[in-house]
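The chain contents come next:
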Amino acid sequence: MTASTAEQTSSSGSKGSEPPVPEGAITVTVKIRRFNTEFDDEPRWDSFEIPALPSDRVLNLLHYVKWYLDGTLTFRRSCAHGICGSDAMRINGVNRLACKVLLKDLLSAGGKPTTITIEPIKGLPVHKDLLVDMEPFFEAFRAVQPYLINYSPEPTRERLQSAADRERFDDTTKCILCACCTTSCPVYWTDGSYFGPAAIVNAHRFIFDSRDEGAEERLDILSDKEGVWRCRTTFNCTDACPRGIQVTKAIQEVKRALLFKRV
Amino acid sequence: MQFHKYDVVIIGAGGAGMRAAIESGQRARTAVLTKLYPTRSHTGAAQGGMCAALANVEEDNWEWHTFDTIKGGDYLVDQDAAEIMAKEAIDAVLDLEKMGLPFNRTPEGKIDQRRFGGHTRNHGEAAVRRACYAADRTGHMILQTLYQNCVKHGIEFFNEFYVLDICMTETADGPVCTGAVAYELATGEIHVFHAKSVIFATGGFGKVFKTTSNAHTLTGDGMGIVFRKGLPLEDMEFYQFHPTGLAGLGILLTEGARGEGAILRNADGERFMERYAPTIKDLAPRDIVARSMALEVLEGRGAGPNKDYVLLDCTHLGAEVLETKLPDITEFARTYLAVDPVTEPVPVYPTAHYAMGGIPTNVHGEVLRDNDHVVPGLYAAGECACVSVHGANRLGTNSLLDINVFGRRAGIAAAEYALAHDHVDLPENPAAVVEAQVALVLSEHGHERVADIRIALQATMDANASVYRTEDTLKQALHDVQALKERYARITVQDKGKRFNTDLLEAVELGFLLELAEVLVVGALARKESRGGHAREDYPTRDDTNFMRHSMYYKQGEALSADIRLDYKPVTFTRYQPMERKY
Numbered sequence: 001m002t003a004s005t006a007e008q009t010s011s012s013g014s015k016g017s018e019p020p021v022p023e024g025a026i027t028v029t030v031k032i033r034r035f036n037t038e039f040d041d042e043p044r045w046d047s048f049e050i051p052a053l054p055s056d057r058v059l060n061l062l063h064y065v066k067w068y069l070d071g072t073l074t075f076r077r078s079c080a081h082g083i084c085g086s087d088a089m090r091i092n093g094v095n096r097l098a099c100k101v102l103l104k105d106l107l108s109a110g111g112k113p114t115t116i117t118i119e120p121i122k123g124l125p126v127h128k129d130l131l132v133d134m135e136p137f138f139e140a141f142r143a144v145q146p147y148l149i150n151y152s153p154e155p156t157r158e159r160l161q162s163a164a165d166r167e168r169f170d171d172t173t174k175c176i177l178c179a180c181c182t183t184s185c186p187v188y189w190t191d192g193s194y195f196g197p198a199a200i201v202n203a204h205r206f207i208f209d210s211r212d213e214g215a216e217e218r219l220d221i222l223s224d225k226e227g228v229w230r231c232r233t234t235f236n237c238t239d240a241c242p243r244g245i246q247v248t249k250a251i252q253e254v255k256r257a258l259l260f261k262r263v
Numbered sequence: 001m002q003f004h005k006y007d008v009v010i011i012g013a014g015g016a017g018m019r020a021a022i023e024s025g026q027r028a029r030t031a032v033l034t035k036l037y038p039t040r041s042h043t044g045a046a047q048g049g050m051c052a053a054l055a056n057v058e059e060d061n062w063e064w065h066t067f068d069t070i071k072g073g074d075y076l077v078d079q080d081a082a083e084i085m086a087k088e089a090i091d092a093v094l095d096l097e098k099m100g101l102p103f104n105r106t107p108e109g110k111i112d113q114r115r116f117g118g119h120t121r122n123h124g125e126a127a128v129r130r131a132c133y134a135a136d137r138t139g140h141m142i143l144q145t146l147y148q149n150c151v152k153h154g155i156e157f158f159n160e161f162y163v164l165d166i167c168m169t170e171t172a173d174g175p176v177c178t179g180a181v182a183y184e185l186a187t188g189e190i191h192v193f194h195a196k197s198v199i200f201a202t203g204g205f206g207k208v209f210k211t212t213s214n215a216h217t218l219t220g221d222g223m224g225i226v227f228r229k230g231l232p233l234e235d236m237e238f239y240q241f242h243p244t245g246l247a248g249l250g251i252l253l254t255e256g257a258r259g260e261g262a263i264l265r266n267a268d269g270e271r272f273m274e275r276y277a278p279t280i281k282d283l284a285p286r287d288i289v290a291r292s293m294a295l296e297v298l299e300g301r302g303a304g305p306n307k308d309y310v311l312l313d314c315t316h317l318g319a320e321v322l323e324t325k326l327p328d329i330t331e332f333a334r335t336y337l338a339v340d341p342v343t344e345p346v347p348v349y350p351t352a353h354y355a356m357g358g359i360p361t362n363v364h365g366e367v368l369r370d371n372d373h374v375v376p377g378l379y380a381a382g383e384c385a386c387v388s389v390h391g392a393n394r395l396g397t398n399s400l401l402d403i404n405v406f407g408r409r410a411g412i413a414a415a416e417y418a419l420a421h422d423h424v425d426l427p428e429n430p431a432a433v434v435e436a437q438v439a440l441v442l443s444e445h446g447h448e449r450v451a452d453i454r455i456a457l458q459a460t461m462d463a464n465a466s467v468y469r470t471e472d473t474l475k476q477a478l479h480d481v482q483a484l485k486e487r488y489a490r491i492t493v494q495d496k497g498k499r500f501n502t503d504l505l506e507a508v509e510l511g512f513l514l515e516l517a518e519v520l521v522v523g524a525l526a527r528k529e530s531r532g533g534h535a536r537e538d539y540p541t542r543d544d545t546n547f548m549r550h551s552m553y554y555k556q557g558e559a560l561s562a563d564i565r566l567d568y569k570p571v572t573f574t575r576y577q578p579m580e581r582k583y
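Protein chains in written order, with full-length UniProt numbering: chain U, 1 to 263; chain A, 1 to 583.
If you're looking for bench data, these hints aren't it; they were derived computationally from the structure.
For each residue, glycine too, the CB sits at the ideal point set by N, CA and C.
Wrong hints could be hidden among the right ones.
[Claimed, not checked] Okay, the calculated bits of chain A under chain U, using three or more residues with CB under 8 Å as the criterion: (1) 98 to 105; (2) 533 to 546.
[Stated by the list, open to error] One side of the interface only, derived from the structure: several residues of chain U facing chain A at Cβ under 10 Å: (3) G24; (4) D129; (5) N150; (6) R159; (7) Q161; (8) D170.
Bound conformation, chain A alone:
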């Protein structure tokens, strides 16, 4: 075992982690621990843009952006946080430009902007051009630019260090975070990082679903670690399904395509979004478009031999727009479906995409241990966190914004906290949990195969807990997940070595996935209403009387099968009263 001592430890090297590192690294001694090599993170898969009311191409202001974000989130958004995000969006984009990000430009040389779902002029009048973009690889350019700036500032990375636990020390004032414990993939060695502050920036957990835009590595590690520590997770039932995944594959096709004018059609060629969202049509928020697509298919108007998808029609955009503004998605359709978007419509269907919920934080990125108290020294930012700026449904582009605004805030807050405090002693045997966990997975205690359990999990989640849910489907999902947890207690891995044991890695990841899937399903069962990304067929309307509040989940005990306690947290309102959500 090895010990290290830093002021700030950041877990994860995607957009939020590296944005935090750029701030923290210039103020305090900082280490970034990452399961993947930097630049491999899934921020790089984001395509369409990052919204900010720059007003470079038409009138816009951050107050409209705030309103759109709150309405888009079906009023479950904490309005103070949304206001901060929309206001700071402008500097967040300008900061990236100054760091070197190659945005597309207007004829005057300013940052160009395009339309995106749910982003409107003057509180819903019409779609507004607010998304700053770099072709359809905006996330790639953000990830590269942030890594480039980490290189510039000499940020210290520990690549392929898989964090499996954090250290919590009990003090007179309550628990304090004092470090993190990592498994080094190259050697199998365990490392304890003693720190004054720790930032989680570990991304989402899309791999609980089968059809997903998420990377194989998005297994909710950070959320899982926090949950196992008895700390809460927030709003986990709200999971976003992106309307336009490549049918059958789930690979993302940006909403920016519709921003540039692409149209969704059913088997009859009808532009069906005109029926569901008469004002902004194909540019309605993702939850509405995804449900509309699912309904078209359920009602028999799906396209293809099995009538199980709809069509994204880009043919009228012309080859030049596709090649210059949407080159990557054009290539994805050609490579993976052998469909050329220039001449044919592309088969698409909703794909599991983004967790609105996560580790609850305040607007400084400090992690909450209950509704009223933070854990000193512990921070979270990006998809793994829930501030909550996305409420029940995130608007497109607001995740790239979230990682930049709240990654920066968490980095500054963690460094300032570290500068103002001394190291608190680590708890006794800080690596004990991780040592036991690794030893258990490697020991012979059963013969269940990790892949079988994971595939069964993903199948039941797709079938029973995706775009539409009912009491029956969710109970089935809960039953399945709990049975899979029992099987997980009897897993075996073939690789018993120490060197790059990715067999072990996948087994550990599956443990987090099972844990988080259960929280999602328990939350979805308890929320007997439909709001944003959570659509209950048996409770089709929003119920503000009973459910205008955040869900908070706590793990009761340490066993994988331990019960989940559900509590609630009030939503913060500033100036927007809930209204019916029409587009």
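Isolated chain U, as found in the complex:
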């Protein structure tokens, strides 16, 4: 193979110039809710015109803004393919991971100009732009004893579990703690002391694990006034989950376990 120079393979522009527009790009407007609690008294909206490919993720558009237009735009992201759960945000009014929504699914019909609205997830205090305080969310998670509780003596080998018993809680093991569900819940918006769907999903993951012996303790916690009974079955959480977890169903199963005192 032959050497390629940096000049051939990249744009080496100075500040101010933007990278070359790729073939097939269209221009879209990205409207972002901005709020820097260090300097701003109140939030505002900023709009940016961006050239983008239909196959781009919304995260690509945010990076374009941050890297070329406004370095102060702030959001979290890491894996960029829907596994780490960092980049939950409200995209056109619904909670999504920015790395899992493609532009082609947001384009206006009939080739009309497209505007994409991006806001922070709701119900958690905003620190800066799209970055919110995750501490209340993780506090609720930690409160449900989200770990295996087992009082029996440990076997020398693995604990046995049938494939059917393993399947029983498979769905709720997929949770990536992104907070899409919890911050889509109208009950959580009005009363942040509700545990919220994600914490209940993670309790479900252990309550229905045949190896676990802590169901009673967890159900006690969840029958609290801030617990599962606050859920009004609006299904926002299920719609919001980027992992496709049947969140509302999991909450219903926990309610049923409480009513009938059995798992």
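Assemble chain A onto chain U, guided by the hints.
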């Protein structure tokens, strides 16, 4: 500035960091400092499995696993370390199961196991089912399970604390590690953590490449900090390209797909791995499969309109296997390429994936300051470390194993060291380096944009230092990286604030990337042979006479452009003599 005092400070909250924390936190006062929130780390992106010779589904033993690891690493593996890893793998898996990890099960209720690249029965006879797995989200389940157990044990986390330096105190017996200095992202405040022992568990540096399976945040911070302290890095030229990244995107599709029977095909539909690895075919180790794919494309047998990828054919596996055993990768292909693996083959091409090299340690996780001495109080584990159990090429699943076995070992060793020693005084002005670094980035001293330099770096590394390398391409890469370092001296950031300044964060990360890219290229130039993940077209064979030894790199001086000194360290052999590597 704030001061904190702990026995043990762990930097990084991925698999290795949290596995260490579970051990250390139960023995000594421990703090975990992490750039990301826990559970965001890239351990969670690992898919296929974690190998251990449980022999749950067929005959297996840890000695075969040791041999596979050493042969897979093209004999650059330290054999004592590989033996420890394969032996302790069994308990590492059982420990995770007892912590609650939901492994897939056999009909008898035992942990199920699947085939994986390079893992064989009886020294290469045939592929063996050794990888314990939880669908294709094994890394996710490991990360979640470890975090759950950190919650259970009340481990103290400092979230979004970006460590930028460690403290080294000179003593009569040489340098000792006495703490770490972190930049708190929320406030811009600098924190000094005085500690008896410090563990690096900061992961890899895949972002030196453009096409990579790595997260945006994998910028080699820990390796970079250690290197800037004048401590060595080991075997950095050995970088793994995972064969099956989604074409054009680099998103990982697990080797577990081939473990379940998926087949790589070229544009003619030919199962080309039969030509390159007649015995285990598609389940050859990653370096061999990645090179074979690159050759198919170079020789014009690539698929697609530009003939620039090959195809991963899962269609014969059936919807049920895909939905139950490989659900995540099925969804990735659908979401990002609009290809349904149930009915169509998936376009794939090698993607930069894993650093075999890193911070040299012994089998207790203690960091080496040269070939013979450790730095008391300093430890490293996981991808940022080089024990070396992966040698010139890591086998699939051995990284999840590495973080569990050596994360645990480092956690125990660091806590025991802390219990047996007093705090050594911090050096004078422990935060001076970090204060100056942050002030410099925020000051007005040029107008180069961070993103431009990073993108140019990634482009030259992809073009010139990836699957195949030559003297010419590597010299070009070196020239480019050095020019980019000069531009880096003139960067500017727009965000001058203190609150969650991720503009500043990206600038600092780029500094580490540039530094590590240069080490990789310098090492690749010096290693005039082909071994494992390092393939030189101009030196196509392995040269055991001159290069059966680890590379050790030292930074000479403090400037970003300082020279790199190259030294060598012998490989540890126990019972396996180097042989030609055939599969």
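Going through the hints against the structure:
1. A count of 7 residues in the region 98 to 105 of chain A with a Cβ less than 8 Å from any Cβ of chain U is obtained; the coverage claim is therefore met, three being the minimum.
2. Taking a C-beta to C-beta cut-off of 8 Å, the region 533 to 546 of chain A contributes 1 residues in contact with chain U, too few for the three needed, and the coverage statement is violated.
3. At about 13 Å, the closest approach between the beta carbon of U:G24 and any beta carbon in chain A exceeds 10 Å, and the interface hint on this residue is violated.
4. Given hint, U:D129 at the interface with chain A, holds; its Cβ is 8 Å from that chain's nearest Cβ, closer than 10 Å.
5. Interface restraint check for U:N150: the shortest CB-CB distance to chain A comes to about 8 Å, inside 10 Å, so the restraint holds.
6. Given the 10 Å rule on beta carbons, the hint for U:R159 holds: about 7 Å separates it from the nearest Cβ of chain A.
7. Given hint, U:Q161 at the interface with chain A, holds; its Cβ is 5 Å from that chain's nearest Cβ, closer than 10 Å.
8. Proximity of U:D170 to chain A holds as hinted, the smallest CB-CB distance being about 7 Å (cut-off 10 Å).
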